[in-house]
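S.K.: Fit chain W to the supplied structure of chain Z, relying on the hints for placement.
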Amino acid sequence: MNTAEIKSLLEKKFPGLEIKIINDGLVLKPEDLPRVAKLLKESPESKLDYLSLITGVDYVEFLESVYHLYSVEKRVGPVVLKVRVPRTSPKIPSLVPLYRGAEFQEREAYDMMGIVYEGHPDLRRIFMWEGFEGFPLRKDYVPEDEDVLEWEDVEWLERHGVKVPEEYKAFAQQLKAAGKEARATRPKPGAEA
Amino acid sequence: MALAQNRSTVDDGLKSELRKKGIVVTTIQELYNWGRRSSIWPLQFGLACCAIEMIATACARFDIARFGAELFRGSPRQADMMIVAGTVTKKMAPQIVRLYNQMPEPKYVITMGACSIAGGPFIDGYNVLKGIDRYIPIDVHLPGCPPRPEALLWGLTQLQKKIDHQEIEKVEWYQKGLKREFPIPEFGPKGLIPKFNPEVWRPETASHRRERYGDPVLLGKKMTAPKFETFGDPQVKVGTV
Numbered sequence: 001m002n003t004a005e006i007k008s009l010l011e012k013k014f015p016g017l018e019i020k021i022i023n024d025g026l027v028l029k030p031e032d033l034p035r036v037a038k039l040l041k042e043s044p045e046s047k048l049d050y051l052s053l054i055t056g057v058d059y060v061e062f063l064e065s066v067y068h069l070y071s072v073e074k075r076v077g078p079v080v081l082k083v084r085v086p087r088t089s090p091k092i093p094s095l096v097p098l099y100r101g102a103e104f105q106e107r108e109a110y111d112m113m114g115i116v117y118e119g120h121p122d123l124r125r126i127f128m129w130e131g132f133e134g135f136p137l138r139k140d141y142v143p144e145d146e147d148v149l150e151w152e153d154v155e156w157l158e159r160h161g162v163k164v165p166e167e168y169k170a171f172a173q174q175l176k177a178a179g180k181e182a183r184a185t186r187p188k189p190g191a192e193a
Numbered sequence: 194m195a196l197a198q199n200r201s202t203v204d205d206g207l208k209s210e211l212r213k214k215g216i217v218v219t220t221i222q223e224l225y226n227w228g229r230r231s232s233i234w235p236l237q238f239g240l241a242c243c244a245i246e247m248i249a250t251a252c253a254r255f256d257i258a259r260f261g262a263e264l265f266r267g268s269p270r271q272a273d274m275m276i277v278a279g280t281v282t283k284k285m286a287p288q289i290v291r292l293y294n295q296m297p298e299p300k301y302v303i304t305m306g307a308c309s310i311a312g313g314p315f316i317d318g319y320n321v322l323k324g325i326d327r328y329i330p331i332d333v334h335l336p337g338c339p340p341r342p343e344a345l346l347w348g349l350t351q352l353q354k355k356i357d358h359q360e361i362e363k364v365e366w367y368q369k370g371l372k373r374e375f376p377i378p379e380f381g382p383k384g385l386i387p388k389f390n391p392e393v394w395r396p397e398t399a400s401h402r403r404e405r406y407g408d409p410v411l412l413g414k415k416m417t418a419p420k421f422e423t424f425g426d427p428q429v430k431v432g433t434v
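Residue numbers (this note's numbering), protein chains in the order written: chain Z, 1 to 193; chain W, 194 to 434.
Just chain Z, same shape as in the assembly (with noise of 0.2 Å):
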């Protein structure tokens, strides 16, 4: 089977399914995903019950989650399917309950990206520590400058009986006066066009 043929059967069981080939990958709707994931595992011609991997993607404009599906017993795969959803809200239903296999993924997809999957019986961060702000791998995420000594590590070390010199800690607390973070310096993206 090829993207067109399951393309075309989708439209056969689903009318009025909003579809589109784009790259070899099938764009869905997000409230479609389910449905058309449960048909493609459960349906005698294609019987795609493998789900490979979960991947997050950042487009700037939107987010995306992209599925990679195989069969294991007709041999066939990768089927992409791909979930765009916008920046302010990326909501997309859970796969968990149709492959058990996603629950890692889409906590990874979480953890990088943002990404919320409803429905996921566990969703919270698998690589980055509990209380971690922001999401790493999206594109605009600017980590902390490592060098500047910010207010918070100087009472850190203070309470840890560190002796910090007056430099950063002067530094520090104009920093907290700024209320400014000491993020990593790097050109505004489409600052010099």
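What the hints contain is simulated information worked out from the structure, not anything from laboratory work. Keep in mind the model is a prediction, meaning the values are calculated, not measured. The beta-carbon is built from N, C-alpha and C at its ideal position, and this holds for glycine as well. One should not assume that every hint holds.
Unchecked claim - Taking lysine-lysine pairs in the DSSO-like style, the calculated list, with each CA pair at most 27 Å apart, reads:
id	chain 1	residue 1	chain 2	residue 2
1	Z	180	Z	163
2	W	284	Z	163
3	Z	20	Z	91
4	Z	139	Z	82
5	Z	13	Z	82
6	W	372	Z	163
7	Z	13	Z	47
8	W	355	W	369
9	Z	91	W	383
10	Z	139	W	284
11	Z	7	Z	20
12	Z	74	Z	47
13	Z	20	Z	38
14	Z	74	Z	7
15	Z	7	Z	41
16	Z	41	Z	13
17	W	383	Z	176
18	Z	41	Z	29
19	Z	41	Z	20
20	W	369	W	300
21	W	369	Z	163
22	Z	169	W	383
23	Z	163	W	213
24	Z	91	Z	169
25	W	300	W	355
26	Z	41	Z	82
27	Z	163	Z	176
28	W	383	Z	180
29	W	284	Z	180
30	Z	163	W	383
31	Z	169	W	372
32	Z	20	Z	139
33	W	300	Z	163
34	W	372	W	355
35	W	383	Z	139
36	Z	180	Z	169
37	Z	29	Z	47
Said to hold, decoys possible - Computed footprint of chain W on chain Z; a stretch qualifies when at least three of its residues, placed anywhere within it, have a C-beta under 8 Å from a C-beta of chain W:
id	stretch
38	147 to 158
39	164 to 176
M.R.: The following block gives chain W in isolation, referenced to the frame of chain Z:
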């Protein structure tokens, strides 16, 4: 590495002459250092690809046992030296500092590879510590990506040289008030707290890297993605095996 003068008052030529006659002349310090440098027990742990080179160094072809450092210990309480072999992620850094604190004196650290020295190829990343020397003192920095086993052996002999030049009366672990335990960093909302320990390490005042290579570019010139819909042939067959 600043090495202290070895204070042997016996002439080296005379010593070797006596050695030929079957008389060994030595000092307590020499004997002590000889014993210590010939049985450095490393702590057994590896973090990334450098660990593979470390394992190769311990195997028969390169054979770190020739230098007396073959007894890799599973417990920091029994180890003299720590080889930080590989990428230190921010999640791993507290554990490394903890292991260092648990090692008995005298203790030595070799950082193996570009990552553990300064972050290596991951220096612009969000998850890799930019050098373990931010939290603990380092004796030998061993550059390479990864360093070959010969390089690790060279680093070990450098450490042996350092040990040979230490004086018993002056070494810090016999002095009062030695503080060689360092606070273990904690996870914060943006990274580790603190970012470094100013007693151990301080940032350079000028960024040589930026002077040489400029700033890293995040996303090319524009903050917009191309229209992917127009790319490629939509009729490409996929999935037929």
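S.K.: The structure should be examined with respect to each hint, and the outcome stated for every one.
M.R.: Against the structure, the hints come out as follows:
Taken as a hint, the residue 180 of chain Z and residue 163 of chain Z pair is honoured in the structure, with Cα atoms around 23 Å apart against an allowance of 27 Å. As the CA atoms of residue 284 of chain W and residue 163 of chain Z are separated by approximately 25 Å, the hinted pair is consistent with the 27 Å bound. Simply put, residue 20 of chain Z and residue 91 of chain Z have alpha-carbon atoms about 20 Å apart, close enough for the 27 Å limit, and the pair holds. Proximity of residue 139 of chain Z to residue 82 of chain Z is assessed by CA-CA distance (about 19 Å); at most 27 Å being required, the pair is judged to hold.
A C-alpha spacing of about 19 Å is found between residue 13 of chain Z and residue 82 of chain Z, which places the hinted pair at or below 27 Å, so the restraint holds. Between residue 372 of chain W and residue 163 of chain Z, the direct Cα distance comes to roughly 13 Å. Compliance with the 27 Å bound is thereby established for this hinted pair. Proposed proximity of residue 13 of chain Z and residue 47 of chain Z is supported: the alpha carbons are some 15 Å apart, at most 27 Å. Taken as a hint, the residue 355 of chain W and residue 369 of chain W pair is honoured in the structure, with Cα atoms around 22 Å apart against an allowance of 27 Å.
The hinted pair formed by residue 91 of chain Z and residue 383 of chain W meets the criterion: a straight-line CA distance of about 24 Å does not exceed 27 Å. Restraint check: the Cα-Cα separation between residue 139 of chain Z and residue 284 of chain W comes to about 22 Å, which is no more than 27 Å; the hinted pair holds. Proposed proximity of residue 7 of chain Z and residue 20 of chain Z is supported: the alpha carbons are some 8 Å apart, at most 27 Å. Pair hint residue 74 of chain Z plus residue 47 of chain Z holds up; C-alpha atoms about 7 Å apart against a cutoff of 27 Å.
This hinted pair checks out: residue 20 of chain Z and residue 38 of chain Z have alpha carbons roughly 18 Å apart, not beyond 27 Å. The suggested pairing of residue 74 of chain Z with residue 7 of chain Z holds, with an alpha-carbon distance near 18 Å, which does not exceed 27 Å. Among the hinted pairs, residue 7 of chain Z with residue 41 of chain Z is consistent with the structure: their alpha-carbon atoms are about 14 Å apart, no more than 27 Å. Only pairs whose Cα atoms come within 27 Å are accepted, and residue 41 of chain Z paired with residue 13 of chain Z is accepted, the gap being roughly 14 Å.
Under the criterion of a C-alpha separation no larger than 27 Å, the hint pairing residue 383 of chain W with residue 176 of chain Z is consistent with the structure, at around 15 Å. Taking the CA atoms of residue 41 of chain Z and residue 29 of chain Z, the gap is near 18 Å; set against the 27 Å cutoff, the hint holds. For the given pair, residue 41 of chain Z sits about 20 Å from residue 20 of chain Z by alpha-carbon distance, which is consistent with the 27 Å threshold. The straight-line distance between the Cα atoms of residue 369 of chain W and residue 300 of chain W is roughly 17 Å, inside the 27 Å bound, and the hint therefore holds.
Among the hinted pairs, residue 369 of chain W with residue 163 of chain Z is consistent with the structure: their alpha-carbon atoms are about 19 Å apart, no more than 27 Å. The suggested pairing of residue 169 of chain Z with residue 383 of chain W holds, with an alpha-carbon distance near 19 Å, which does not exceed 27 Å. A C-alpha spacing of about 55 Å is found between residue 163 of chain Z and residue 213 of chain W, which places the hinted pair above 27 Å, so the restraint is violated. With a C-alpha separation of about 43 Å, the suggested pairing of residue 91 of chain Z with residue 169 of chain Z is violated against the 27 Å cut-off.
Restraint check: the Cα-Cα separation between residue 300 of chain W and residue 355 of chain W comes to about 12 Å, which is no more than 27 Å; the hinted pair holds. At roughly 16 Å between alpha-carbon atoms, residue 41 of chain Z and residue 82 of chain Z fall within 27 Å of each other, so this suggested pair holds. At roughly 19 Å between alpha-carbon atoms, residue 163 of chain Z and residue 176 of chain Z fall within 27 Å of each other, so this suggested pair holds. For the hint pairing residue 383 of chain W with residue 180 of chain Z, the CA-to-CA distance comes to about 13 Å; that is within 27 Å, so the pair holds.
A distance of roughly 25 Å separates the Cα atoms of residue 284 of chain W and residue 180 of chain Z; the hinted pair therefore holds under the 27 Å criterion. With a C-alpha separation of about 23 Å, the suggested pairing of residue 163 of chain Z with residue 383 of chain W holds against the 27 Å cut-off. As the CA atoms of residue 169 of chain Z and residue 372 of chain W are separated by approximately 23 Å, the hinted pair is consistent with the 27 Å bound. For the suggested pair residue 20 of chain Z and residue 139 of chain Z, the alpha carbons sit about 26 Å apart, so the restraint of at most 27 Å is met.
For the hint pairing residue 300 of chain W with residue 163 of chain Z, the CA-to-CA distance comes to about 23 Å; that is within 27 Å, so the pair holds. Restraint check for residue 372 of chain W and residue 355 of chain W: satisfied, since their Cα atoms lie roughly 20 Å apart, inside the 27 Å limit. Distance check on the hinted pair: residue 383 of chain W and residue 139 of chain Z sit about 16 Å apart at the alpha-carbon level, within 27 Å; holds. The suggested pairing of residue 180 of chain Z with residue 169 of chain Z holds, with an alpha-carbon distance near 15 Å, which does not exceed 27 Å.
Pair hint residue 29 of chain Z plus residue 47 of chain Z holds up; C-alpha atoms about 21 Å apart against a cutoff of 27 Å. Beta-carbon proximity to chain W at under 8 Å applies to 9 residues in the stretch 147 to 158 of chain Z; the threshold of 3 is reached and the given coverage holds. Against chain W, the stretch 164 to 176 of chain Z contributes 3 residues with a C-beta closer than 8 Å to a partner C-beta. That satisfies the three-residue criterion, and the hint holds.
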